[in-house]
Every structure is written in structure tokens, then in C-alpha cells.
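Here is what each chain is made of, one letter per residue.
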Amino acid sequence: MFDSFKTSRHKELPLSKDSSNLFLKIMISIAVFLFAVTLAGVLSINSMLINWNNSILGSLTVQIIPVNDANRQKAAEDALQQQQKVVALLEAMPEVKRAIPLSDEQLKMLLNPWLGDDVDMADLPMPRLIDVKLHHGAEIDYNALAEKLVNVAPQASLDNHKLWLNKLINLASGIKMLALSILILVIGVTSGAIFYTTQTSMGLHKDVIEILHLMGAKDTYIAQQYAFRTAFLGFVGGIIGVVVAIPTIILIARLAQQIEGGIINEMHLSVGGWTAIASLPLFSALVAMQTAYYTVKHTLERMM
Amino acid sequence: MSDIDNMQPIMKMENVSLRYGIGPDVLRNINLELPRGSFYFLTGKSGAGKTSLLSMMYLAQKPSAGRVSIFGNNVNFTIRNSLAMFRRRIGVVFQDFRLLDHVSAFDNVALPLRVCGMSEKEIIVRVNELLRWVEIKRSTMSVTSTLSGGEKQRVAIARAVINRPDFLLADEPTGNVDSDIATKLMKLFVELNKLGTTVVIATHNENLIREFNYPQIHLQNHGVTIIPAEGNGYV
Ligand SMILES: Nc1ncnc2c1ncn2[C@@H]1O[C@H](COP(=O)(O)OP(=O)(O)O)[C@@H](O)[C@H]1O
Ligand SMILES: [Mg+2]
Chain A
1 MFDSFKTSRH KELPLSKDSS NLFLKIMISI AVFLFAVTLA GVLSINSMLI
51 NWNNSILGSL TVQIIPVNDA NRQKAAEDAL QQQQKVVALL EAMPEVKRAI
101 PLSDEQLKML LNPWLGDDVD MADLPMPRLI DVKLHHGAEI DYNALAEKLV
151 NVAPQASLDN HKLWLNKLIN LASGIKMLAL SILILVIGVT SGAIFYTTQT
201 SMGLHKDVIE ILHLMGAKDT YIAQQYAFRT AFLGFVGGII GVVVAIPTII
251 LIARLAQQIE GGIINEMHLS VGGWTAIASL PLFSALVAMQ TAYYTVKHTL
301 ERMM
Chain B
1 MSDIDNMQPI MKMENVSLRY GIGPDVLRNI NLELPRGSFY FLTGKSGAGK
51 TSLLSMMYLA QKPSAGRVSI FGNNVNFTIR NSLAMFRRRI GVVFQDFRLL
101 DHVSAFDNVA LPLRVCGMSE KEIIVRVNEL LRWVEIKRST MSVTSTLSGG
151 EKQRVAIARA VINRPDFLLA DEPTGNVDSD IATKLMKLFV ELNKLGTTVV
201 IATHNENLIR EFNYPQIHLQ NHGVTIIPAE GNGYV
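Residue numbers (my numbering), protein chains in the order written: chain A, 1 to 304; chain B, 1 to 235.
For reference, chain A alone in the conformation it holds in the complex (with noise of 0.2 angstroms):
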């Protein structure tokens, strides 16, 4: 982009001057202040999801719960009957490895804890329950596989944590995208910002660009005034908006971990995800960078 780094130092456009500098400067800080809070709001819900992705990916459980008949024997029998019926259905789909039925022993072991030794289970209405196993890396549509269980065994259910799990693992993705695009529209608000004051101030010092031209300097020789210009401008507005930022993310940390369950405590920024916050300005200074130098090529080419 540059012929040499030494050209750049060349100053004939006395862009230092321009009003639209503070204007560009607290703009970019805004900017950078946004897309960094953001930012450290996408990279704790990201190692958020992938902790509950995590916890939930791999394995399952389907419970049936026996009707409550007064015929005991006949609700046991239904119960297992539902039971092959959701075995087949779960052995048939291609995202499990296994699916496997606990046996009475260990649910009587699992159920040992609570009811002690001297329960005849066959008086209790014991629930069956089915132990999934999925290949690695697959993924399954918990609220679809519920509806498909229910279709086959009225008395299926999928383990509840899971699936609640699994909603909130959704509504988590979609503030995530939310926020994703929330950093795109900055980029580009801020950019359109840059492409506009770059322009003006072309207008405003259009009688030195003509004799720049007319002594014989190419666009690049113009642009990269405006590119060096505006880079600075957008570390300066970067260091702002990143020393702001800062102690706004840890305030809004300290808020989240005071909210009970556990669930907000999985949030925390990483070295890298702090890392790359606090290179905000250098990027803030490339973007900025580039979309003078390109705005004052493309404005150029429509004159002489």
C-alpha cells in the first residue's frame, strides 16, 4: 500500500488543522468504547456456551414414567413396553451410539440413597430410565427429539436440566449474534463516518490537492496523507475508548457474578480475550487507515 514508509512523512495537506478532527476522535472513541464493552460481552458468552456445551454434549437421558394405575403390574408392563419402543426409535437415529436401559439394579442403586434397603420396588411406580450415548461431535435438536419420544412413548420425557440447559444455550447463541452484528454495524457506522469527513475535507483543501497534482503527485502521494492522518486519529480515539472500556467491563463483571445460580459464573475473559481488547487501537488505527486511503483513491479518480 505504501511505496515507502519515508513518503508518508510529507505533510503538505494541513490535515492537523481539520475541525472535523475532534469530531472523528470522540466518534472513534464512542466507537472503540462499544465495540470493546461488546466485544468482551461476545467472548464471555462464547466460553460460557462452550462450558454448558460441554456439559451437555455427549450424552443423555429419557426417563418414562409409569402411568399412575392402580393395577400396578399392567403400568410396569406399559413402562416397559415404552421403554423398547424409545430404544429402537433412539438406536435407529444416526447421531447415537448407544442407547441403554438401566437395569433394575441400578436403579435401585441409584434410588438407594433416598429409599434405603428394606423397599420392595415392585410397589413403587419405578421410572425407567434409558442412558444415550452420542457419536462424538454430534449434535441433536433436543425439542424436536422430545416431540419424536412423545410420539412413540406417551410417558417419554427427556431429562429436564438438559433441555433447559439446551434453551438457555439458544437464547445465549442468539444474544451472541446480536452482539456479533452489533460489532459489524460500529465497524461500518464508524467507517461511513471516516469515508464522509475524509471527503469533506478533500473539498476543503481541494486547491492543494490541485497543486499536488499538477507538481506531478500520484493519488497514493494524497491518499497516504489522509491514510497517516486518520490512523493516528484512530489510535488516539482507540486508546480513549479502550481506557474507558476497561473499567466499564469489570464493573459490569462484578454485577453479573452477584446473580445467583452459577450460571453467570462461567463467565469470565480470557488473557486472550483481554489481549485483544486492549489491541483495540491498532485495529481502530488500520480500519480508520484504510478507509481514508480508499476513499480519497476512489475520490480522486473522478477528477483530472
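It is worth saying that the hints were derived from the structure and are not from the lab. Wrong hints could be hidden among the right ones.
What the hints assert, rightly or not - The list that follows gives simulated cross-link-like pairs (lysine-lysine, DSSO-like), each with its CA atoms no further than 27 angstroms apart:
| id | chain 1 | residue 1 | chain 2 | residue 2 |
| --- | --- | --- | --- | --- |
| 1 | B | 121 | A | 11 |
| 2 | B | 45 | B | 62 |
| 3 | A | 297 | B | 62 |
All values reported here derive from a predicted model rather than from experimental measurement.
Since chain A is already given, all that's left is putting chain B with the ligands on it; use the hints.
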């Protein structure tokens, strides 16, 4: 520079017309050819179109009709970067100087060298030498807007010749200086012409035209007539 380039006229106009916007023709059906190494005065009443004609020669204007060729290249079919390269071979003294007011005399004169990427070390040597020659001694580093009219004009001339142009155009360059400086500046142009630079100077100054006996491109009724030099020209 290729051999073919060398044989081409420096500048050629074929059936050239120029108008501004939707206004009337300022110049109409101009045919003009400037051989390499020639020297012309450009004369004509105020408003006759001298500046307009020059502006097509220094590639600030494209003709409204007809064909302008510079160094053998039709400007209408020349890409922007090549136009920039041609402009580097053309030195111009503008009627209104067109100096950068917010930078120093030094930076103004250095500009044509900087745009083509010359080293700052060489620039310092060449610019200071030329500024001494045009007698800008004090304040080469102070802002140009503080210079007098005569000083600005000499800075403008220094900027036009700093790059040893193949083609030198001057729009009433002796308007704001007293007559002995005018003669001195003319002698600079003559020297450059002897070194091979093609020169066109727009002027009203009858004394100069008489003293330096060169052919004239005379503008009248939107067209040009060539008035040959009397005798053998300036010696
Ligand atoms: N930029 C311009 N826009 C419109 N009209 C112009 C412009 N420059 C010159 N003219 C007109 O063109 C005519 C020739 O002007 P000019 O070339 O400056 O003549 P000269 O240099 O011989 O005095 C004049 O009538 C002038 O008003
Ligand atoms: Mg004029």
C-alpha cells in the same frame, strides 16, 4: 526517453476547442505544434485565453474537443498515473503562483522533488542552491504567506525549474517584479532553453518581447496566429 519520443513535438494541438461548462468556446479550433527545444512568447489581450491555453498544456484541463498530445501521447487516452509522470516533466509558473501558503518557501520549492521520491539530503542541497539564486535569502523556512509578492513569484519560479523540466510554462512571470529582476528571470529561462527545455511564456511585457526576440503565439478571436521572431531571435 525513447528516440521516437525525441522526434515528437513536445506538445501538439489538433482542432482543439475549450469551453468552461456550458459556456461559449474560449478557444476554438486551435492547431499548434511546439518543436522540442523551441521558445515562444504567448501574447494576447487580457481574457484572450492565454491561461486557458497554458492549462491544457500543463494538463490541468482536457480539451472540450480535439486532441492534445504531450510528449507524443494523446492526453485523452492516458491513465492518471502516467499523467502524473508527464506533469513531473513540466514546470509551471502560475499567474496566481499557487504556492502552498502554510508551508515554507523551502517546502514549496522542494515539492516537485518530494512527489517523485527524491532523498531529503539531495533535496536540501538543490533547493537551497536555487533559493539563493532567485535571491530568497532570509526566511526560507518561514511560512510562505508572510513573503512579499515579488518573493512569492521568485519562489514560484524556483519551484517550476527545480526539477529541470523538459517543458516550462510561465503565466506572466514577470508581472510583479521590477525590470532588472524580470530580465534576470528571463535569462534563467533562456539558459534552461539552451539546455534543451522547451519554453512558453505568457506575457504582456512589450519590453521583454522586444528585448528577447522570440516567436509569439498570439491569441485573438479564440484562435492562434504564430508571429515569427524578427531577424535571428535572441542572441
Ligand atoms: N475556470 C473558469 N471558468 C469559467 N470561465 C473561465 C475560467 N477561466 C477562464 N475563464 C474565461 O475564459 C476566458 C479566457 O480567460 P483566460 O484564459 O484567463 O485569459 P487570459 O489568461 O488571456 O487573461 C475569459 O473570458 C474568462 O472569463
Ligand atoms: Mg491569464
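Violated hints, by number in ascending order, as checked against the structure | none
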